[in-house]
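Residue numbers (our numbering), protein chains in the order written: chain A, 1 to 198; chain B, 1001 to 1762.
Rather than coming from a laboratory, the hints here were simulated on the basis of the structure.
Be aware that one or more of the hints could be misleading.
Unchecked claim - Pairwise CB distance ranges, derived in the manner of DEER restraints:
#	chain 1	residue 1	chain 2	residue 2	range
1	B	N1641	A	D97	53 to 59 Å
2	A	G71	B	F1057	48 to 54 Å
3	A	Q102	B	V1396	43 to 49 Å
4	B	T1418	A	D97	55 to 61 Å
Quick reminder that beta carbons are idealized off the backbone N, C-alpha and C, glycines included.
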Amino acid sequence: MPDSNTHHNVDPLDLNLLPHGADGIQEYDNPMPFWWSAIFWASFGYALLYAMYFMMGVGPSVQADYQADMGIFYEEQFAKLGDLQPTPETVRGLMVDPKMMQAATGLFASNCAVCHAKDGGGGTGPNLCDGSYINVKSIGDIYTVISGGVVPRGMPAWEKRFPVPQRVLLAAYVAHFRGTTPAVPKAPQGESIAPWNP
Amino acid sequence: MSQQPETTPATLESFSYDDDIVRKFVFVTMLWGVVGMLVGVIIAVQLTMPSANLGEFLSFGRLRPLHTNAVIFAFAGNAIFAAVYYSSQRLLKARMFSDLLSRIHFWGWQLIIVAAAVSLPLGFTQGKEYAELEWPIDIAVVLIWVVFAVNFFGTIAVRRERHLYVALWFYIATVVAIAVLYIFNNLAMPADWHRSYSIYAGSQDAFMQWWYGHNAVAFFLTTPFLGIMYYFLPKAAGRPVFSYRLSIVHFWSLVFIYIWAGPHHLHYTSLPDWASTLGMLFSLMLWMPSWGGMINGLLTLRGAWRRVAEDPILKFFVVAITFYGMTTFEGPLLSVKSVNALSHYTDWTIAHVHAGTLGWVGFMIFGMVYWLAPRLFQAPIAKPSWVNLHFWIATVGIILYIIPIYAAGLTQGLMWRTFNSDGVLQYDFLSTVTKLTPLYWIRSIGGTLYLTAALIGCSNLLMTWLRRPRVYDVPVYQAARLSKSWRPHPSPPSSLPPNSVLPVGFALDRFARLRWHRGFEGLPLIFIVWVAIAIVVASLFEIVPMFTIRSDIPRISTVEPLTPLECIGRDIYVSEGCVNCHSQMIRPLVAETERYGEYSKPGESVFDHPFLWGSRRIGPDLAREGVRNPSALWHLRHFNNPVDTSPGSIMPRFAHLVDQPIDWSQATQAVQTLHAIGVPYSPETIANAQDLAHAQAIKVFDQLITENGKPDGLEDVKDTKVLAVIAYLQRLGTDLNKPIALSPAAPTVNAPGTAAPTGGSQ
């Protein structure tokens, strides 16, 4: 307090008591605390600099930031998944690779499990474990169905959502369900087809 | 200045104060407070236990607006009126301008509250947060607010105290700002007596909504309560206010800066970058103006801290002001874009709001009511020890409420953005919801404690009221009339040494010393005009560019208005309050587009009256639901019983949608009304709206049968509301990448600025 050592017996604040009052309420006229004024003005200064940087085209826009982040994200993912091609051989290779199947779990749980159940047992969508398929005749068709969907029957097309390697991974994950035992299996739909492996 | 006699004692006038109206408002404050808190506890429990959604009228989507409207407009609103009516009369040395207007104000406001309490569960809503009430009630709100304004300004006009005390400045800001905000955000085109469409669409509607929404916090839950603080705290503490100068600076900066801050509710959305940046920066600049109020409150207690330990009323005030300080620090923090990227759509916002409302607003109200009770009922508080009990139970309640909800917000926000080592999102949405259940239980207990404490308070007040005298004593006061010839003293000259600075320096010095403000306080009309200018000009700085810069909202040629059936579906979506739990706005953040798909573009919501971007994701975002999940059968099963398709889901059942038939006339009503506010429907669409709706409903029904493989069990679904909602959901987000209709042979063309995700191998 600037005036703390002026009068020892009087509350230094009382020196600033204003002569007016309203309904018995009185007011001091103490100065604003220094730190208060400092931050008050500093926030204006900061705002001005920030506004100049971002609103005059120097700093990146939210969209530009996102495009950059997305670039890095795909680069990293590409480095991990590699250049997966949508061929039956790739799918067959992936479905027996436990590390890759582990990687696909989250992708399937977030996007497919609402209709097919996390363990592939089916729900609104068909059971993926029972060897019977509606639109799949061979292992290569899984990728096609995931990409283009069967929209009139409720299966979305994922080609706009996920790049090729992720869809190949998903196809392998779907293929790997075949022959497993889900908790609540839905009755088979479509036709029973030949096993995956030649 | 005020010592100077303005008139001779011969012209003294006698008057008394109208405390009856204050007693009325105090009574309903507590009554509606308990009701609003009870609904809060019910919806908190519903989030832990979906079976607590008791049918159509009492499900979360309809009760949540009832909770917010009840606690804001009924609990806080009536408390504000009680405070204004009690303190203004005394600060102005005048009875309220008109006893009749006071009564119209009181009964009108209570009728509005009853109308809200009935209409919201019935599903009559505009679909905008804290602005849910439909247009007939909106008109009533405006009329009653005008009655209040006339009564309040009238009292100022007939006052016998020359200068307006700081509490009155804050009341003035409230009365002026709420009128402006409420009217302009609620402009809507009625389609029916209980259904209307906001005249603004998409980004512009979002902007208007949060200009209003944030300033409802500012001018309904902040400025009037600062007024309450400035009157009741020095009264209760018996100490002078810490700094008059600080009052002036923080009042004007608060009034001018608050208005700009609304867009911080819309970071990373389709709102233009500049608006979002302004929202953030003005929120940061708001930190000290808000803390000016906190400092003035806490430092007023210098020399009175011993009394705080003894007096539960002061305890309520101290905790309230502390929460105000915390919340107004957290607010600027949350408005920083990168922090907001994490906090937005999560419970962090809910925790922030409840620290403000349970802590600041609630405790100011309780402190004020306990201070008023013995004075209004002219009897000592019946159970003084219960006041302390109320304080402690409520404090524990707040802590048990906010800590788990902060934890829930951070948990969910972090889970949403977690990628596993393979670059795949670690958690599906549902697992981020079920994770929160234990925290939601603790929150429900916290809320119940707060409600219990309020009930203890109510019984105490009731017992105090029972001890009232048979006839209230109405003291008569005397004061002189104000002289009409009064002019403010010129502010004292600058004390800088002569010739030390340029003339402009002397002027600035005089301005900075703020002595001129005293004269200003004696001229209410000019004061009110300046408050209105500050609020309106600050608003226009953002509103004008928002509505004139066309390049901010690039049109996308493939985005078309909804079909008549989808309009009906959307009406149902609004009426069921789906927007309370589901956003429709995917932000350009990697974790978000990986989960939901391409981020939302401004051009996608140009026909959205009102915008339905939402503010909280209790359920997943639905902006691309039509792309992500076009299955009609899935939606049918999910509406009928969400756990059938999504085990562990906390969504209420919407079985009534499968029972109730579509009202086909709604299709014509919707397209006609939307056409009137600028949605380009062709005359053919309007003329054939019902047939078009019917045809599409049959298509959805056929899809259900195809998906199901057989029509068995689906007979009852024909022509029911659920088909309209499914049609609407199947449409969501699909326009962006659909082929341009003109040339069927043309390949799919992406809208400008969109980029379909491209993998390394594409």
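Outcome of the hint check:
1. B:N1641 with A:D97: 53 to 59 Å: This hint is violated: roughly 38 Å between Cβ atoms.
2. A:G71 with B:F1057: 48 to 54 Å: Once the Cβ atoms are compared, 50 Å apart, the range 48 to 54 Å for B:F1057 and A:G71 holds.
3. A:Q102 with B:V1396: 43 to 49 Å: Holds, at about 45 Å.
4. B:T1418 with A:D97: 55 to 61 Å: With a Cβ separation near 23 Å, B:T1418 and A:D97 fall outside 55 to 61 Å, so the hint is violated.
When the structure is compared with the earlier hints, violations turn up for hints 1, 4 and for no others.
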